[in-house]
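Using the sequences and the accompanying hints, generate a full structural model.
Chains as they are written, first to last, in this note's numbering: chain P, 1 to 157; chain U, 1 to 157.
What the hints contain is simulated information worked out from the structure, not anything from laboratory work. Even for Gly, the Cβ is constructed at its ideal location relative to N, Cα and C. Check each hint, because a few of them may be wrong.
Across the chosen pairs, the derived CB separations fall in these ranges [what the hints assert, rightly or not]:
| no. | chain 1 | residue 1 | chain 2 | residue 2 | range |
| --- | --- | --- | --- | --- | --- |
| 1 | P | P81 | U | T28 | 47 to 57 Å |
| 2 | U | E62 | P | E151 | 53 to 63 Å |
| 3 | U | G113 | P | E151 | 40 to 50 Å |
| 4 | P | E70 | U | G143 | 51 to 61 Å |
| 5 | U | T110 | P | E139 | 44 to 54 Å |
| 6 | P | E48 | U | E48 | 26 to 36 Å |
| 7 | P | K43 | U | G113 | 51 to 61 Å |
| 8 | P | G143 | U | G137 | 44 to 54 Å |
| 9 | U | K34 | P | S45 | 46 to 56 Å |
| 10 | U | R40 | P | D5 | 35 to 45 Å |
| 11 | U | D3 | P | E62 | 20 to 30 Å |
| 12 | P | E157 | U | A127 | 42 to 52 Å |
The following residues of chain U were derived to be distant from chain P, with all beta-carbon distances above 12 Å [what the hints assert, rightly or not]:
| no. | residue |
| --- | --- |
| 13 | F37 |
| 14 | G113 |
| 15 | R117 |
There are 2 protein chains.
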Amino acid sequence: MTDFDDTLDLRLERVIAASPETLWRCWTDPELLKQWFCPRPWKVSHVELDLRPGGIFLTAMEGPEGERPEPEAGCVLAVEPARLFAFTDSLGPDYRPRASGFMTAVISFTPEGTGTRYVARVLHATAKDRQAHLDMGFEQGWGTALDQLVELATGLE
Amino acid sequence: MTDFDDTLDLRLERVIAASPETLWRCWTDPELLKQWFCPRPWKVSHVELDLRPGGIFLTAMEGPEGERPEPEAGCVLAVEPARLFAFTDSLGPDYRPRASGFMTAVISFTPEGTGTRYVARVLHATAKDRQAHLDMGFEQGWGTALDQLVELATGLE
Numbered sequence: 001m002t003d004f005d006d007t008l009d010l011r012l013e014r015v016i017a018a019s020p021e022t023l024w025r026c027w028t029d030p031e032l033l034k035q036w037f038c039p040r041p042w043k044v045s046h047v048e049l050d051l052r053p054g055g056i057f058l059t060a061m062e063g064p065e066g067e068r069p070e071p072e073a074g075c076v077l078a079v080e081p082a083r084l085f086a087f088t089d090s091l092g093p094d095y096r097p098r099a100s101g102f103m104t105a106v107i108s109f110t111p112e113g114t115g116t117r118y119v120a121r122v123l124h125a126t127a128k129d130r131q132a133h134l135d136m137g138f139e140q141g142w143g144t145a146l147d148q149l150v151e152l153a154t155g156l157e
Numbered sequence: 001m002t003d004f005d006d007t008l009d010l011r012l013e014r015v016i017a018a019s020p021e022t023l024w025r026c027w028t029d030p031e032l033l034k035q036w037f038c039p040r041p042w043k044v045s046h047v048e049l050d051l052r053p054g055g056i057f058l059t060a061m062e063g064p065e066g067e068r069p070e071p072e073a074g075c076v077l078a079v080e081p082a083r084l085f086a087f088t089d090s091l092g093p094d095y096r097p098r099a100s101g102f103m104t105a106v107i108s109f110t111p112e113g114t115g116t117r118y119v120a121r122v123l124h125a126t127a128k129d130r131q132a133h134l135d136m137g138f139e140q141g142w143g144t145a146l147d148q149l150v151e152l153a154t155g156l157e
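Given below as structure tokens:
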């Protein structure tokens, strides 16, 4: 659905030994999402997810020393069960613009063999935003979370 | 679908003597959209509209002296034929964030008597953005365009 642009976007891709349906549940069931979405020792303390285009997507994080950064309420954009999930922080619930929008995430799940080709694309407005996301530790942060997702999803099968 | 917030948002509402289907066509058929969307003597010189969530929404304007401000490519968010249409300039095509996002427009069409209750809600991130939109001439601009829409839609019936 989305043209990937190497100069603007970031991508994580992996073939996972779990079904698209299981990976979908891990992304969209708040109790499962909490178990993998944040690289440990940080954790997700609270999730609000209204699984419809225009619905809220909010994950509150908590650090090992009790840090609690102010969570931001993003917006669900696309909901195609076991196929595609997209959300953005450029809009809030019900599509209201947000002043501090930064990225759109597009997650696709494609059956491959007995597992799933998992592709997470993270779209930015500018090359500067892409670089800022890299500097914030995108590869390690999203990579570690993906390891946690794989562990959870394969354990559920 | 959207909670209206008087401190952040702007609204135009009118009962129009045309069907929801006709008003829908006027919004979503590029050839019809060009005929009313821009207050005369300005005109719409070019439309790109991919009528699906994530599709492009672009209207290029041309002034009476040949002015051609750079058009911005926004993103379609909701497509419910003859009921609801929404788009934003906070995202570009395929949901990519845009650096200069400003508003989301949510247009609803509800049958009323032999016509339609037409509500255009324009959502902003901040009260400052709402005021800027007022200062840019929202009431006159959107109001004049709505008069042109009414003229076109009632003529089509």
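**Prompt:** Looking back at the hints listed earlier, which ones does the structure fail to meet?
**Reply:** Hint check: 1, 3, 4 fail, others pass.
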